[in-house]
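Number of protein chains: 2
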Amino acid sequence: MKLSIKKNILIEHLNYVIKGISNKNLIPILNCIKFELTSDGLYLLSTDNEIAIKTFISKNEIENIEEKGEIVISGRYIYDIIRKLPNEIIYIEELIDSKVKIYTSNSSFNLNCNNPSEFPQLDLEEHKKPIVVKQKVFKNVLQQTIFATSNQESRPVLTGLNLNINDKLVECTATDSYRLAKKMIELESKIDENINIIIPTKNLNEIMKLFSDDDENIQLHIFSNKIIFKFSTITFMSRLINGTYPDTKALIPTDFISKIKVKLSDFYDAIDRASLLTSESDKNTIKLESKNNLLIISSNIPEIGNVEEKISCEKENKEEIKIAFSSKYMLEALKSLECEEILLMFNGEIKPIILKNPESDDLIQLILPIRTY
Amino acid sequence: MKLSIKKNILIEHLNYVIKGISNKNLIPILNCIKFELTSDGLYLLSTDNEIAIKTFISKNEIENIEEKGEIVISGRYIYDIIRKLPNEIIYIEELIDSKVKIYTSNSSFNLNCNNPSEFPQLDLEEHKKPIVVKQKVFKNVLQQTIFATSNQESRPVLTGLNLNINDKLVECTATDSYRLAKKMIELESKIDENINIIIPTKNLNEIMKLFSDDDENIQLHIFSNKIIFKFSTITFMSRLINGTYPDTKALIPTDFISKIKVKLSDFYDAIDRASLLTSESDKNTIKLESKNNLLIISSNIPEIGNVEEKISCEKENKEEIKIAFSSKYMLEALKSLECEEILLMFNGEIKPIILKNPESDDLIQLILPIRTY
Chain A
2 MKLSIKKNIL
12 IEHLNYVIKG
22 ISNKNLIPIL
32 NCIKFELTSD
42 GLYLLSTDNE
52 IAIKTFISKN
62 EIENIEEKGE
72 IVISGRYIYD
82 IIRKLPNEII
92 YIEELIDSKV
102 KIYTSNSSFN
112 LNCNNPSEFP
122 QLDLEEHKKP
132 IVVKQKVFKN
142 VLQQTIFATS
152 NQESRPVLTG
162 LNLNINDKLV
172 ECTATDSYRL
182 AKKMIELESK
192 IDENINIIIP
202 TKNLNEIMKL
212 FSDDDENIQL
222 HIFSNKIIFK
232 FSTITFMSRL
242 INGTYPDTKA
252 LIPTDFISKI
262 KVKLSDFYDA
272 IDRASLLTSE
282 SDKNTIKLES
292 KNNLLIISSN
302 IPEIGNVEEK
312 ISCEKENKEE
322 IKIAFSSKYM
332 LEALKSLECE
342 EILLMFNGEI
352 KPIILKNPES
362 DDLIQLILPI
372 RTY
Chain B
2 MKLSIKKNIL
12 IEHLNYVIKG
22 ISNKNLIPIL
32 NCIKFELTSD
42 GLYLLSTDNE
52 IAIKTFISKN
62 EIENIEEKGE
72 IVISGRYIYD
82 IIRKLPNEII
92 YIEELIDSKV
102 KIYTSNSSFN
112 LNCNNPSEFP
122 QLDLEEHKKP
132 IVVKQKVFKN
142 VLQQTIFATS
152 NQESRPVLTG
162 LNLNINDKLV
172 ECTATDSYRL
182 AKKMIELESK
192 IDENINIIIP
202 TKNLNEIMKL
212 FSDDDENIQL
222 HIFSNKIIFK
232 FSTITFMSRL
242 INGTYPDTKA
252 LIPTDFISKI
262 KVKLSDFYDA
272 IDRASLLTSE
282 SDKNTIKLES
292 KNNLLIISSN
302 IPEIGNVEEK
312 ISCEKENKEE
322 IKIAFSSKYM
332 LEALKSLECE
342 EILLMFNGEI
352 KPIILKNPES
362 DDLIQLILPI
372 RTY
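Note that the protein sequences, when read in sequence, are chains A and B. If you count by the numbering used here, then the first sequence holds residues 2 to 374, one letter each, in order. If you count by the numbering used here, then the second sequence holds residues 2 to 374, one letter each, in order.
Simulated from the structure, these hints should not be mistaken for laboratory data. Hints are not guaranteed to be accurate.
The list treats identical chains as one, so a pair stands whether inside a single copy or across any two.
[Claimed, not checked] Result set (DSS-like, lysine-lysine): computed pairs, CA atoms no more than 30 Å apart in a straight line: (1) Lys288 with Lys3; (2) Lys329 with Lys20; (3) Lys357 with Lys292; (4) Lys169 with Lys264; (5) Lys100 with Lys284.
Bound conformation, chain A alone:
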């Protein structure tokens, strides 16, 4: 393998694949990046067996492809070296004895390589009929839901995001059994078969780092044990979580005793301040009470003090509410809502609290109350 390439182009793509390397992996080959130089261009590939990231630099972006070939190099070293080289043309040349030389006019690195045949063989094939969504839309889905997934390995299915696709409707559900986030999006064209998968949250956090802010499409290629995302020059593979996701439909009520409309920023700031006098050992409990057109939010830590916040609200019915919940969960749910005003909906002090945009049913946040009264 022998090529020359501009530093800024190579580092842009190394920036993608380096995210597939954990550095903590005990198997050295999984801390490596595979360079695959063909007559079409250069493929870079990394994997820890849980995820795989592949990117492609077309021959038009490469100065010179002198000799095709494959090398496998320590990801952390090659990344830091390229990053610190000056912004000029970099020469990469495979030597005998599993070594590679990386050089510019004044710098010359010789690195030991790994055997390309030891690098995991990855099946990154495409599906005949991928699902297509806008990158922006999918990023939004993730930001609005995955915070509600569980980090307890005791129930693995809850550590991922459930995608349930039927016809044109995609239901994305995340829950840790104390709260639930559900977002619905509509596809442009309908799919033939029902899809019901669970994608690990930690892998979704990685793919989010690769998204740009543009309006490009993502292709979702879904298989029985993996999902492959294709966008821009990138192919991202994630394993799926085995198991059956709980049916959450029955959890979300449709009728409510009480509906209250508040300004989102006022409500957020009041909860945020009241949360200062809550403690994790007490589940960050705060109390909410309505009195006519006023919401009263209060909390206390006995040895420190107490707080009371008042904000005005608009009630749709006369019923007063009195409920307690985790301020942490409430703040996270509120962050996901992108609207001026929100609707808080209640069915009494021991029933789930629902939050949503009054104008839309696309995103629903559910929080279980804490019994204190």
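Model the placement of chain B on the given structure of chain A, informed by the hints.
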């Protein structure tokens, strides 16, 4: 105590005193901030007994001083509460039973207070004849020297910065016995007696956070066991380290076998890249060799690979050099030099390396070589 004050004014000053609180202190009163309201204005004070920070808000900046008095409140809570309150007028009112009420139009906090008589009595008196330096100059001294102090408690005197003041000359020395940084500044007026003190590095790191970029003066009030810095509205006290600082004058050579001039940024970048193939277990050793008008920098980690960097230089004599040193120490020393070109001076492979600005002797960086050849 009862007053009202704009949020942005109070938070600016809380930002200063909060830095005097470690949060890890096991004595609760040392995690507190003392509010002292007099007819002149409001004093805020924090201390962990090692340092103390005091700031003053003049009555002109306070909306209303209704009742003078003193309260002592948990620093972390009062800071977070004021920070999260909206940008309006905040009312603070001492209640009976050691409580304080902090409120705005919609928020109301009641906090438990500590007994002001339990707060450490601090003697922050002024010296008759303080030493005066520009804030910028003093900040520069710290940035150029304290990185070279030791973090090994086995020799306490080396964990601080030595200030030796004689007549008009201030010599600031930092060393961990493997390298040394020395900066000299001149005072505008001379002092009567010789001063030789050691200020703990960790306290200097705290005071640096309080410096602004303006050209204001700092007063240094030096006593036998403490130093008090006064600048802007702030009084900062630091304990001194007991003990005799080693005499380092004899360590810095005045004659050299070899002097080499290089462009600082070229030299820094080359060392920075070569440092990628060094390891802490091997003292981050890199090698430097001169060959006519070329400097060759090299290093290796056997299992990973090796690197060679070349940069052009200007030699003042024919003697070639061949020496090894810690790349970490070299990079830190280079960062302190603010010039286009630097002078590297040598007396053979086992004698100290000296770095300085060719145009000035104010700042000297010394690094001991590592024997490898």
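Check Lys169 against Lys264 for me: Cα-Cα at most 30 Å, and say if that holds within a copy, between copies, both or neither.
-> Classified as neither; 33 Å inside a copy, 63 Å across copies.
Are the CA atoms of Lys288 and Lys3 at most 30 Å apart within a copy, between copies, both, or neither?
-> between (66 Å within a copy, 29 Å between copies)
At 30 Å max between alpha carbons, let me know whether Lys357 reaches Lys292 within a copy, between copies, both or neither.
-> Within one copy only: 21 Å inside a chain, 72 Å across chains, cut-off 30 Å.
Give the relationship of Lys100 and Lys284 under a CA distance limit of 30 Å: within one copy only, between copies only, both, or neither.
-> between (55 Å within a copy, 25 Å between copies)
Given identical chains, is Lys329 near Lys20, meaning Cα to Cα at most 30 Å, within a copy, between copies, both, or neither?
-> Both, since 29 Å and 27 Å are each at most 30 Å.
Violated hint: 4 only; the structure is consistent with all others.
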